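Participant: In case you want the letters, here they are:
Protein chains: 2
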Amino acid sequence: MTKVTAQLSVSLDGFYAGPRHDGDGDWMASAESHGFFRVTRWVTEAMSWRERQGFAGGRQDVNSEIVAESFDAAGAYVMGRRMADGGEVPWGDEPPFRAPVFVVTHRPRERLVRQGGTSFTYVTDGVESAVAQARAAAGGKDVAVAGGGSLVRQVLRAGLLDELELHVVPVVLGTGMRLFDADLGLDEFEGIELTPTRVVPDPQVTHLRYTVHDRTPLTLDDRGAGTEKA
Amino acid sequence: MTKVTAQLSVSLDGFYAGPRHDGDGDWMASAESHGFFRVTRWVTEAMSWRERQGFAGGRQDVNSEIVAESFDAAGAYVMGRRMADGGEVPWGDEPPFRAPVFVVTHRPRERLVRQGGTSFTYVTDGVESAVAQARAAAGGKDVAVAGGGSLVRQVLRAGLLDELELHVVPVVLGTGMRLFDADLGLDEFEGIELTPTRVVPDPQVTHLRYTVHDRTPLTLDDRGAGTEKA
Chain A
0 MTKVTAQLSV SLDGFYAGPR HDGDGDWMAS AESHGFFRVT RWVTEAMSWR ERQGFAGGRQ
60 DVNSEIVAES FDAAGAYVMG RRMADGGEVP WGDEPPFRAP VFVVTHRPRE RLVRQGGTSF
120 TYVTDGVESA VAQARAAAGG KDVAVAGGGS LVRQVLRAGL LDELELHVVP VVLGTGMRLF
180 DADLGLDEFE GIELTPTRVV PDPQVTHLRY TVHDRTPLTL DDRGAGTEKA
Chain B
0 MTKVTAQLSV SLDGFYAGPR HDGDGDWMAS AESHGFFRVT RWVTEAMSWR ERQGFAGGRQ
60 DVNSEIVAES FDAAGAYVMG RRMADGGEVP WGDEPPFRAP VFVVTHRPRE RLVRQGGTSF
120 TYVTDGVESA VAQARAAAGG KDVAVAGGGS LVRQVLRAGL LDELELHVVP VVLGTGMRLF
180 DADLGLDEFE GIELTPTRVV PDPQVTHLRY TVHDRTPLTL DDRGAGTEKA
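Protein sequence lines, in the order shown, are assigned to chains A and B.
So the first sequence is numbered by numbering that gives the first Met the number 0: it starts at 0 and just counts up by one.
So the second sequence is numbered by numbering that gives the first Met the number 0: it starts at 0 and just counts up by one.
In isolation and in its complexed conformation, chain A is listed as follows (with noise of 0.2 Å):
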C-alpha cells in the first residue's frame, strides 16, 4: 500500500542547509550550500547515488544501500518549487527520480518530461492536490516528499505524512536552514507522536526512520507523587 514519505539529511542540530541564499550570488559560494553539502557527503559519497548520476566511485556500504532503497521505494515524488528550480540544470537530461515529480507552486508551467522516466508537473493547487496526484501515479510504490523542509513541514502539518526517515549527520551547524521551524500548526499543549520503526548507525551517519500518528495532548506526568515507597 502506498505511504507518503520523507527522508531528510540534517545536522545534529536540525538544520539541512545553512543559511538561505537569497539573491543572485553564486548559490555554491554560499553559506546555504556549504551546510547542505556538509549534511548530503554521506549521500554524495554513496556508490548507488553516483551510479544515479553517471559519477563514478563512491562507497558501497549500508549508507548506499539506504540511498538504494529510497530510490526503489519511490514511485512518485513531490518536490517544492524553491528545490525543483534549484535543481533543473545540475540533474540535466535524465534526472536521478525516474519517476513522476509533483512540483507544488504558485506558478503554473508546462509539464517536463525528461530521459529515464523523470517527468516534472507543476501543481498550482496545493500540497494535498500535489499528494493526491502523486499518489494516482504512484503505481502501489511510496510517494515520496523529497524536500525541502518547507514542504514537509507543509505536508506533517496537514496530516498526510506516513512515514518520516532522518538522517542526523555528526556535526553542529549553529545556524541554517532548520526542517522543524515554527509553522507546524500545533498548540503548545500538543504534539505530534511518532514510534521508531528503524534505527541504522553509521560513523557518518544515523538513520532514523518513524511512523507518524496524529496530534495528541501532551499530559502531565505527576513525577511520582502519591508513589513514595514505605
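Note that these hints are calculated values from the structure, not bench results.
Hints are not guaranteed to be accurate.
Said to hold, decoys possible - Covered stretches of chain A (chain B as the covering partner; in silico rule of three or more C-beta atoms under 8 Å from a C-beta of chain B):
#, stretch
1, 6-18
2, 34-42
3, 167-174
4, 185-197
5, 203-215
To be verified - Covered stretches of chain B (in silico footprint by chain A; criterion: 3 or more residues with CB under 8 Å from a CB of chain A, positions within the stretch not fixed):
#, stretch
6, 3-13
7, 17-30
8, 33-39
9, 164-173
10, 186-197
11, 203-213
These figures come from a predicted structure and were not determined experimentally.
For glycine and all other residues, C-beta sits at the position ideal for the given N, C-alpha and C.
Given chain A, work out where chain B should sit, using these hints.
Facilitator: What follows is chain B alone, placed relative to chain A:
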C-alpha cells in the same frame, strides 16, 4: 580520566521543554512543563531514577540502565541557575545527585549542603570556573553538565564539552525551548564536528552519544564534477 559530558532529553525537533514559562503562574500548568514532562517521561518511568527519588515502581529496562549509568559516571555536576532554583524544593533534603553540584549564576549565595552527598556551590565567575571546580571535585569521574540548554550551549561554545548524549524522544513539539539555539558563536562556514560512539534504540527514546571535536571549516563538495563515467 575525567570527561565533561552533557546528556539531554529532546523531542525529535530539538526541544527539551515547551515554551519558556516566565512570571508567577503555576509552572506545573505551563506549556513549558508539559513539553518537559513529555521528553523526560522515559526517565520518570525508569526504575533507577525512581529509586533515587524514593519512588516505588518503574521499569527495569535499557532506559533504566542508561539513567543508572549516567548517575554512576558523574563525580560532579555543573548546572544552570534556573534549573537549580526550580529543583530546590522538589529535590528536597536528599537530592538525586549524591555529588557536588556547581551552579553557574550571577547571584552570590552560600554553599548549600544536603543529605546523601549532594552540595550546591554557587559560582559567580563564569562557566569555565564552574567546570574547573567540578573537575577538581569529580574524583576522577566525569563532570556532567546537567542543563538547562543555555548552559550546555555555553559549555559547547567554550570548547569544554567532550561528550554529548541526546536522548531523542519520538514526538514533535513544534515550539519550546531549544537545545541548539543561535548563540553558539559559529561562523556560517564552520561547524562543530562530532563522532557517534553509541546508538541505543528503544521504542520510547533513541540514545545517541557523540564525542565532540573542534570547530572545522565546512568544505564544498564538487558533486562528482570531473568524475563522469567514461
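Participant: Okay, the stretch 203-213 of chain B and chain A, do three or more residues pass the C-beta test at under 8 Å?
Facilitator: holds (count 3)
Participant: Do three or more residues from the stretch 34-42 of chain A put their C-beta atoms closer than 8 Å to C-beta atoms of chain B?
Facilitator: holds (count 5)
Participant: Closer than 8 Å Cβ to Cβ for three or more residues is the test here. Does the stretch 17-30 of chain B pass it with chain A?
Facilitator: holds (count 4)
Participant: Just to make sure I understand the rule, a stretch counts as covered if three or more of its residues have a C-beta closer than 8 Å to a C-beta of the chain. Does the stretch 33-39 of chain B meet that for chain A?
Facilitator: Result for this restraint: holds, n = 5.
Participant: Quick check: do three or more residues in the stretch 185-197 of chain A have a beta carbon closer than 8 Å to a beta carbon of chain B?
Facilitator: holds (count 9)
Participant: Count the residues of the stretch 167-174 of chain A whose Cβ falls closer than 8 Å to any Cβ of chain B, and tell me whether that reaches three.
Facilitator: Answer holds; 7 residues pass the 8 Å Cβ test.
Participant: According to a criterion of three or more residues whose C-beta lies within less than 8 Å of a C-beta of chain B, is the stretch 203-215 of chain A covered?
Facilitator: Coverage by chain B holds here, the residue count being 3 at a Cβ distance below 8 Å.
Participant: Given that the stretch 3-13 of chain B was listed as covered by chain A, double-check it with a C-beta distance under 8 Å for 3 or more residues.
Facilitator: Since 4 is at least three, the answer is holds.
Participant: Please count how many residues of the stretch 164-173 of chain B have a CB within 8 Å of a CB from chain A and say whether that reaches 3.
Facilitator: Three-residue rule met by the stretch 164-173 of chain B, so holds; n is 7.
Participant: Against chain B, does the stretch 6-18 of chain A show at least 3 residues with beta-carbon separation below 8 Å?
Facilitator: Holds: 6 residues of the stretch 6-18 of chain A have a Cβ under 8 Å from chain B.
Participant: Between the stretch 186-197 of chain B and chain A, see if three or more residues pass the 8 Å beta-carbon test, and mark the coverage as holds or violated.
Facilitator: holds (count 8)
In this structure, none of the earlier numbered hints is contradicted; all agree with it.
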